[in-house]
Amino acid sequence: MKIRVKLFAMLSSYLPDGAQGNEVDYEVDDGATPGAVIDRLHMPRASCHLVLINGFYTQPSQLDSTPLHEGDALAIWPPIAGG
Amino acid sequence: MSWAGKVLRVNLTNGTCKSEPLNMEWAQQYLGQRGLASKYLAEEVDPKVDPLSPANKLIMTTGPLTGTMASTGGRYSVVTKGALTGAIACSNSGGYFGAEMKNAGWDMIIFEGRAPSPVYLYVENDKAEIRSAEGIWGQSVWKSEEMIRHFHQDPQLRIAVIGRAGEEGVKFACVVNDSHRAAGRSGVGTVMGSKNLKAVAVRGTKGVKVKDFKAFMEATNAAKAILASNPVTGQGLPTYGTQVLMNVINETGALPTRNHRDVQFEGASKISGEAMHEKRLTDGKPNLVKNQACFGCTIACGRVSMLDKTHFSVSNRPEYWGASGGLEYENAWALGASTGVSDLEALTFCGFLCNEQGMDPITLGTTIGAAMEMFEQGTITEKETGGIKLTFGNAEALCQVVEMTGKGEGFGREIGLGSKRLCEKYGHPELSMSVKGQEFPAYDSRGIQGMGLTYATSNRGACHLRSYTVSSEVLGVPVKTDPHVTEGKAELVKAFQDATAAVDSSGLCVFTTFAWGLQDFASMLDAACEGGWTMERLAEVGERIWNLERKFNNAAGFTAADDTLPKRLLTEAAKTGPAKGLVNKLGEMLPEYYKIRGWTPDGMPTNETLARLGL
Numbered sequence: 001m002k003i004r005v006k007l008f009a010m011l012s013s014y015l016p017d018g019a020q021g022n023e024v025d026y027e028v029d030d031g032a033t034p035g036a037v038i039d040r041l042h043m044p045r046a047s048c049h050l051v052l053i054n055g056f057y058t059q060p061s062q063l064d065s066t067p068l069h070e071g072d073a074l075a076i077w078p079p080i081a082g083g
Numbered sequence: 084m085s086w087a088g089k090v091l092r093v094n095l096t097n098g099t100c101k102s103e104p105l106n107m108e109w110a111q112q113y114l115g116q117r118g119l120a121s122k123y124l125a126e127e128v129d130p131k132v133d134p135l136s137p138a139n140k141l142i143m144t145t146g147p148l149t150g151t152m153a154s155t156g157g158r159y160s161v162v163t164k165g166a167l168t169g170a171i172a173c174s175n176s177g178g179y180f181g182a183e184m185k186n187a188g189w190d191m192i193i194f195e196g197r198a199p200s201p202v203y204l205y206v207e208n209d210k211a212e213i214r215s216a217e218g219i220w221g222q223s224v225w226k227s228e229e230m231i232r233h234f235h236q237d238p239q240l241r242i243a244v245i246g247r248a249g250e251e252g253v254k255f256a257c258v259v260n261d262s263h264r265a266a267g268r269s270g271v272g273t274v275m276g277s278k279n280l281k282a283v284a285v286r287g288t289k290g291v292k293v294k295d296f297k298a299f300m301e302a303t304n305a306a307k308a309i310l311a312s313n314p315v316t317g318q319g320l321p322t323y324g325t326q327v328l329m330n331v332i333n334e335t336g337a338l339p340t341r342n343h344r345d346v347q348f349e350g351a352s353k354i355s356g357e358a359m360h361e362k363r364l365t366d367g368k369p370n371l372v373k374n375q376a377c378f379g380c381t382i383a384c385g386r387v388s389m390l391d392k393t394h395f396s397v398s399n400r401p402e403y404w405g406a407s408g409g410l411e412y413e414n415a416w417a418l419g420a421s422t423g424v425s426d427l428e429a430l431t432f433c434g435f436l437c438n439e440q441g442m443d444p445i446t447l448g449t450t451i452g453a454a455m456e457m458f459e460q461g462t463i464t465e466k467e468t469g470g471i472k473l474t475f476g477n478a479e480a481l482c483q484v485v486e487m488t489g490k491g492e493g494f495g496r497e498i499g500l501g502s503k504r505l506c507e508k509y510g511h512p513e514l515s516m517s518v519k520g521q522e523f524p525a526y527d528s529r530g531i532q533g534m535g536l537t538y539a540t541s542n543r544g545a546c547h548l549r550s551y552t553v554s555s556e557v558l559g560v561p562v563k564t565d566p567h568v569t570e571g572k573a574e575l576v577k578a579f580q581d582a583t584a585a586v587d588s589s590g591l592c593v594f595t596t597f598a599w600g601l602q603d604f605a606s607m608l609d610a611a612c613e614g615g616w617t618m619e620r621l622a623e624v625g626e627r628i629w630n631l632e633r634k635f636n637n638a639a640g641f642t643a644a645d646d647t648l649p650k651r652l653l654t655e656a657a658k659t660g661p662a663k664g665l666v667n668k669l670g671e672m673l674p675e676y677y678k679i680r681g682w683t684p685d686g687m688p689t690n691e692t693l694a695r696l697g698l
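Here the protein sequences come in this chain order: A and B. Quick note, the first sequence lines up with residues 1 to 83 if you use this note's numbering. Quick note, the second sequence lines up with residues 84 to 698 if you use this note's numbering.
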């Protein structure tokens, strides 16, 4: 199935080929989890602080148990803040 | 020590400058900067005074750690009764001016009265003189700085100055220092302009004495190590600045767009921190040149940008081709998403104009957004705008109107009223996205519930810097809470408000709190200052400051009825994103907030609370 992967800030460098801006359509196995995508893109887990599926926050403890669905937007940030 | 122990009192009506000792009893109760100057203001100014009358006072104030070796020790604040709001105002700025003022030996400069003709204050250590601003009045921030330095033949002068906006009575004028840092909100520059005070130029070489130098160095070094190793302050903020937030706030459906009609902006990625790093198609250069630090700062979140010389805004205006203060999240949002404009270069140009003429870009952008909504519904027409098609997304119109506002020209004079007065004038007060007359910053409280309570109860009108619950509700710093629920938010907001009031009184930057806790501030303060400073004491000082500000506002005529949000946020649900279907549920949070604050159900501090805090 195809999902939309969005990687921001210092994680931008982990975007696979074909990315436009900070986003890319990405083919994953049915039922893949955010954790599986993070590992496949070789991103350090500790750097994946804010993981959103369609804008909703995913707890670190649920990264390997939350299934993604066709068309989901998976957006990930390292620890960030501002004002 | 660490406080200089001196106040410079400048009577502009009489033309006198007098030194007086700092009230050290108050310093122990209110620490410095925001807290201590608010105490002076509350003691010396009738809360009902017209903000633009000579009876109002304007205080430039440092904190005990301003000008020291502590990281981010360059902060100062401008405290007054705000021109935009009529509430107590405290606007905080970085750069180098505050540290210079402290090194000249002054904790605070209190301006009273009104000069009969335009003047500026020149301070060289103990010496203070009121000088004529003839020839400088009427000039921009940047030109004024240049003229004053040239006149005194001193390139190292640090200057805080108003631009044309402050002279012209734009209600949201800033005090700008070091060319592009600003005490930005609530119209503190408007008050300065009303006093015929153009600038304050300072040279200070006396240094700042701390109580225990060895302990202070140990505490500041330890605190700097924490900032360096924290991923937010050590990596994220230096690399992307506050602009790193544009995409995340949009993704979470809390990016106010087109005057809060929408909560997500389709152009967000084009105006984000990441976009500032991308090479332009036109000249192959990125918008961002480098990051920049204020005095003593080891974070360096500031942005320095250069415009595309071929962009329509500056193609024949080489005076804007140099490197200057670039977009931060708030001005990128207010000038961009709030107006529907996704042209990064146009927003950068407008940001330059805000610095050049001294305007708060948050109120400016949101006021233009409100005007655009009224233009699109036909309430404002080209007759009023002078032929400008003020539609959402029109970058050319945005640039024109920003420039006109800064100079007090044409339709810009209407924008200069701020959204509350503008929308009331055109019969649509409900379209002003403001609280207590001050416009919202860049977080929609339908998607971040705690921010609704933050805005409604902020003592200076809508503001994110009084209680930044975004940090917890969205960013998970220090711990993640659910942005869509109201449970626990009253406690969260109170804790943020009290802690921030203490930090704002220390002389250090609130951005350090992404890595530091109050204990880190206490360690540095206790090494530098007499008084046995602890984390608990700082929290109490913060609570005292919050209640002092509230008391001032109540005496000025504000009531619980002002602790509210515009109807749009309370009744019109978010249309898209994770918060789709939600409104802000302020009514679920406000009674609990009053209760834990020790206030009556109608928002007045009880006698017990006032007594407990020594008020």
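Simulated from the structure, these hints should not be mistaken for lab results. Using N, Cα and C, we set each Cβ at its ideal position, and we do this for glycine too. Watch out, some of these pointers could steer you wrong.
What the hints assert, rightly or not - Below, in silico cross-link-like pairs of lysine-lysine (DSSO-like), each with a Cα-Cα straight-line distance of 27 Å or less:
| # | chain 1 | residue 1 | chain 2 | residue 2 |
| --- | --- | --- | --- | --- |
| 1 | B | K353 | B | K89 |
| 2 | B | K89 | B | K297 |
| 3 | B | K678 | B | K563 |
| 4 | B | K353 | A | K2 |
| 5 | B | K663 | B | K650 |
| 6 | A | K2 | B | K650 |
| 7 | B | K297 | B | K101 |
| 8 | B | K668 | B | K678 |
| 9 | B | K663 | A | K2 |
What the hints assert, rightly or not - What follows is a set of in silico ranges between Cβ atoms, one per label pair, in the way DEER data are often shown:
| # | chain 1 | residue 1 | chain 2 | residue 2 | range |
| --- | --- | --- | --- | --- | --- |
| 10 | A | P60 | B | A298 | 50 to 56 Å |
| 11 | B | E671 | A | R45 | 32 to 38 Å |
| 12 | A | G71 | B | G461 | 35 to 41 Å |
| 13 | A | D39 | B | G461 | 39 to 45 Å |
| 14 | A | N54 | B | G218 | 34 to 40 Å |
| 15 | A | H42 | B | I679 | 45 to 51 Å |
| 16 | A | N54 | B | E619 | 40 to 46 Å |
| 17 | A | A73 | B | N399 | 53 to 59 Å |
| 18 | A | A73 | B | G491 | 54 to 60 Å |
| 19 | A | P60 | B | R496 | 48 to 54 Å |
Outcome of the hint check:
At most 27 Å may separate the alpha-carbon atoms for a hinted pair to count; K353/B and K89/B exceed this at roughly 49 Å. For the given pair, K89/B sits about 25 Å from K297/B by alpha-carbon distance, which is consistent with the 27 Å threshold. Under the criterion of a C-alpha separation no larger than 27 Å, the hint pairing K678/B with K563/B is consistent with the structure, at around 24 Å. Of the pairs offered as hints, the one joining K353/B and K2/A holds, with about 24 Å between alpha carbons and a cut-off of 27 Å not exceeded.
Between K663/B and K650/B the CA atoms are separated by roughly 17 Å; this keeps the pair inside 27 Å, and the hint holds. With a C-alpha separation of about 40 Å, the suggested pairing of K2/A with K650/B is violated against the 27 Å cut-off. A C-alpha spacing of about 34 Å is found between K297/B and K101/B, which places the hinted pair above 27 Å, so the restraint is violated. Using a Cα cut-off of 27 Å, the hinted pair K668/B and K678/B holds, with the two alpha carbons roughly 17 Å apart.
The hinted pair formed by K663/B and K2/A meets the criterion: a straight-line CA distance of about 24 Å does not exceed 27 Å. At about 38 Å, the beta-carbon gap between P60/A and A298/B misses the expected band of 50 to 56 Å. Under the hint 32 to 38 Å, the C-beta atoms of E671/B and R45/A, about 36 Å apart, fit the expected range. A hinted range of 35 to 41 Å for the beta carbons of G71/A and G461/B is consistent with their spacing of about 39 Å.
At about 55 Å, the beta-carbon gap between D39/A and G461/B misses the expected band of 39 to 45 Å. Restraint check, N54/A to G218/B: a C-beta distance of roughly 59 Å breaks the suggested window 34 to 40 Å. For H42/A paired with I679/B, a C-beta distance near 46 Å keeps the hint of 45 to 51 Å intact. With their beta carbons about 42 Å apart, N54/A and E619/B fall inside the hinted range of 40 to 46 Å.
Between A73/A and N399/B the C-beta distance comes to about 42 Å, which lies outside the given range of 53 to 59 Å. A C-beta distance of roughly 45 Å is found between A73/A and G491/B, which places it outside the suggested range of 54 to 60 Å. Roughly 53 Å separates the CB atoms of P60/A and R496/B, a value that falls within the hinted 48 to 54 Å.
Of the hints listed earlier, those the structure fails to meet are numbers 1, 6, 7, 10, 13, 14, 17, 18, in rising order.
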